[in-house]
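So the sequence lines, in the order shown, correspond to chains A and B.
Take the first sequence: its position 71, counted from the start at 1, is 98 in the working numbering, and no numbers get skipped.
Take the second sequence: its position 198, counted from the start at 1, is 227 in the working numbering, and no numbers get skipped.
Hints are computed from structural coordinates only; laboratory data are not their basis.
Please note that the accuracy of each hint is not assured.
[Unchecked claim] Cut-off 20 Å, straight-line C-alpha distance, at most; resulting in silico cross-link-like pairs (EDC-like, lysine to aspartate or glutamate):
| no. | chain 1 | residue 1 | chain 2 | residue 2 |
| --- | --- | --- | --- | --- |
| 1 | A | Lys265 | A | Asp451 |
| 2 | A | Lys454 | B | Asp93 |
| 3 | A | Lys266 | B | Glu176 |
| 4 | A | Lys442 | B | Glu176 |
| 5 | A | Lys124 | A | Asp136 |
| 6 | A | Lys454 | A | Glu256 |
| 7 | A | Lys247 | A | Asp262 |
| 8 | A | Lys265 | A | Asp206 |
| 9 | A | Lys132 | A | Asp142 |
| 10 | A | Lys442 | B | Asp93 |
| 11 | A | Lys87 | B | Asp96 |
| 12 | A | Lys454 | B | Asp264 |
| 13 | A | Lys347 | A | Asp142 |
| 14 | A | Lys192 | A | Asp324 |
| 15 | A | Lys271 | B | Glu176 |
| 16 | A | Lys311 | A | Asp323 |
| 17 | A | Lys266 | A | Asp206 |
| 18 | A | Lys265 | B | Asp264 |
| 19 | A | Lys454 | B | Asp96 |
| 20 | A | Lys251 | A | Asp323 |
| 21 | B | Lys79 | A | Asp79 |
| 22 | A | Lys353 | A | Asp142 |
| 23 | B | Lys79 | A | Asp450 |
| 24 | A | Lys247 | A | Asp450 |
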Amino acid sequence: MFKKLSMAAVAVALSATSSLAATEVTWWHAMGGELGKKLEEIAQKFNDSQSDYKVVPVFKGTYPETLTAAIAAFRAGQQPAIVQVFEVGTGTMMAAKGAVYPVYKLMADNKEPWDPKGFLAPVVGYYSDAQGNILSMPFNSSTPIMYYNKDVFQKAGLDPEVAPKTWAELATMGKKIVDSGAAACGFTLSYAATWVGLENYSAIQNLPYGTLQNGFGGLKTEFKFNGKEQAAFWDNLKKQQDAKVFKYGGPGGGAETAPMFYAQQCAIYMGSSASRAGVINNAKGFKVGFAPMPYDDTVTKDPKNSIIGGATLWTLNGQKNPDVYKGVAKFFTYLSKPEVQADWHQFTGYLPITNAAYELGQKQGYYEKTPGSDIAIKQITRGTPTDNSRGLRFGNLTQIRDLIDQQFETVLSGKKTGQQALDDAAKAGNAILREFEASNSN
Amino acid sequence: MQTKRTVFHSRILPYFLLAPQLIITLIFFVWPAAQAIWQSFLRQDPFGLKVTFVWFANYTRLLDDPDYLNALGATFVFSVGVTVLSMGLSLMFAVAVNRLLRSGRFYTTLLVWPYAVAPAAAGLLWWFMFNPSVGIIPYLLSFLGYEWNHRLHTGDAIVLIIIAAAWKQISYNFLFFVAGLQSVPQSLTEAAAIDGAGPFKRFWTVVFPLLSPTTFFLAVINITYAMFDTFGIVDATTSGGPSQSTNILVYKVYADGFIGLNLGPSAAQSVILMLIVVVLTVVQFRWIERKVQY
Chain A
28 MFKKLSMAAV
38 AVALSATSSL
48 AATEVTWWHA
58 MGGELGKKLE
68 EIAQKFNDSQ
78 SDYKVVPVFK
88 GTYPETLTAA
98 IAAFRAGQQP
108 AIVQVFEVGT
118 GTMMAAKGAV
128 YPVYKLMADN
138 KEPWDPKGFL
148 APVVGYYSDA
158 QGNILSMPFN
168 SSTPIMYYNK
178 DVFQKAGLDP
188 EVAPKTWAEL
198 ATMGKKIVDS
208 GAAACGFTLS
218 YAATWVGLEN
228 YSAIQNLPYG
238 TLQNGFGGLK
248 TEFKFNGKEQ
258 AAFWDNLKKQ
268 QDAKVFKYGG
278 PGGGAETAPM
288 FYAQQCAIYM
298 GSSASRAGVI
308 NNAKGFKVGF
318 APMPYDDTVT
328 KDPKNSIIGG
338 ATLWTLNGQK
348 NPDVYKGVAK
358 FFTYLSKPEV
368 QADWHQFTGY
378 LPITNAAYEL
388 GQKQGYYEKT
398 PGSDIAIKQI
408 TRGTPTDNSR
418 GLRFGNLTQI
428 RDLIDQQFET
438 VLSGKKTGQQ
448 ALDDAAKAGN
458 AILREFEASN
468 SN
Chain B
30 MQTKRTVFHS
40 RILPYFLLAP
50 QLIITLIFFV
60 WPAAQAIWQS
70 FLRQDPFGLK
80 VTFVWFANYT
90 RLLDDPDYLN
100 ALGATFVFSV
110 GVTVLSMGLS
120 LMFAVAVNRL
130 LRSGRFYTTL
140 LVWPYAVAPA
150 AAGLLWWFMF
160 NPSVGIIPYL
170 LSFLGYEWNH
180 RLHTGDAIVL
190 IIIAAAWKQI
200 SYNFLFFVAG
210 LQSVPQSLTE
220 AAAIDGAGPF
230 KRFWTVVFPL
240 LSPTTFFLAV
250 INITYAMFDT
260 FGIVDATTSG
270 GPSQSTNILV
280 YKVYADGFIG
290 LNLGPSAAQS
300 VILMLIVVVL
310 TVVQFRWIER
320 KVQY
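If we strip away everything but chain A, and leave its shape as in the complex, we get (with noise of 0.2 Å):
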């Protein structure tokens, strides 16, 4: 016992020296589960491939407890070199101007090749400042796409190779499932009043969010998602909910619905196109078909993309030793690498970041081999982006996305109706803007 313990320090203490060599980059996420593990097999393999940084993941919890984590660790000096930070918290970091170095400037400074072109555009036009330029290195990008129990549908007489394209033929599919008592619901949503319900729902409907380009056109934007189109959706997933044909999993990300999926008590779920693996996991005992989310033909007859969600990597300015830029900018070179990006893409579920890695995935026939794993990213690369389906930029973000749920759970208690929630949404979430403006203007 004592050998082993003395071993064990001996081996401690070797490694602390030969980390003394190498310099740190500390890197903050919210990456748990497999896909942290994931996440620290790729910091594992840079840190292999060179002997001058060592690249430490450290992970923080949600995405708002690893922002306010950052946010609080800068302000006290302490802060990581680089920090995972998810989409929706893009607007906060952007307007921090003093806290962030840019990416594109870091790999510039750095002397390290850096070419804007080899991403996939409409993840970078999501993390671009206005003159084109990216700010944060993009990691983990996903959209949402709809899950369907085979089963289920075969069982109410549906053909399980055809999923519903439209909201309405949702709506008759899914009174189809429930009325032959196939499942107990028909569809479930994550995000189900934002990032999904409302976002997206926008986006691929092509209706402004806010003013001034979704607010990528400065901090003076206004929201717009009260439009007579989002209310008429929302007072539909209402009556849906009354027929028992949609069930609501909760605010947020909707802690429920996946699980109601994996149940087999909803028969369709829509959620991130990186629930990808763990819809196969755990859908035990039936088969899973993936399709594009639905579109509303009462509203458009030609879908536009949809809207990412997931994370980047902002670089926090302060670090004491400059040392610690050049080993994030060397791992950044590293993290786009196409073998690098097609892994990571492949085994999660979120989407390839540089067109590289999508074409070396095409080219090892992974597409076809795994049916269903490209349909994130033709909805996502369909048409061309409008303002409206460029993406979002507001700040504080994840303040009023729990403004909106809850407005949105005042529609399904029956007290509100669609108008009425979003109107009271659009009113408070605009109050927080202003403020928002207010604190980050001089």
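Put chain B on the given structure of chain A with help from the hints.
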């Protein structure tokens, strides 16, 4: 009467003796409180890069904010609910245990256990039991024809957090009530019994009034607990929803400051909370301790 006094000849020694306690108070209580007061007058971006002094703007905006007024109302309902429920139940348990001679100790031990459970763990426990999809209680309620869903129904959500928070406090109240009951002289109840008062009457006319110092003390403690110590329970069960119905003041401080990154308004809210604590403490020490005496 002359009392014996210890006289310190050194002028510095008393300060040395007090120093550890003073330093702890200054670092962990006074300094953060001062920070909160200072920040409540500032408007700043999350990273602290742009800071402006805005006087009372954060406070005036709060008082105009319907969400804040809603949180005040929710806090009132919640703290009254928790206090009444937990004190009522623990008084009942205490009376029951007080009648048992031998097994009383055993029940006391069992009833004290919940106090050792961390708020977040307690919240999670209730979250599981009341979970609308997999919880046992909604399942049982469905047989009675009641569809429990605290995600959608505000009433259900409030009831849930009241039960969860009250459960946690029962042990504490119970201990005080047992101690209080034991200090009620047996002779008084016996005399009442001889005069022909039944057990129910004996309790309400003799025992309960004599318990009132304990009851008032516990009322203040419970209100303080419900207002300030229930963050973990709310966070684990309802996260303030649905539609803000369980967004009590202490949770709103967290939601606005940590999730919303609005530090100024969040600091202003915590200063208001601090004032409420001060008032409650004054009430407890100045008023209750003096007025309730027999």
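Can you give the numbers of the hints that this structure goes against, from lowest to highest? 7, 10, 11, 12, 13, 16, 18, 21, 23
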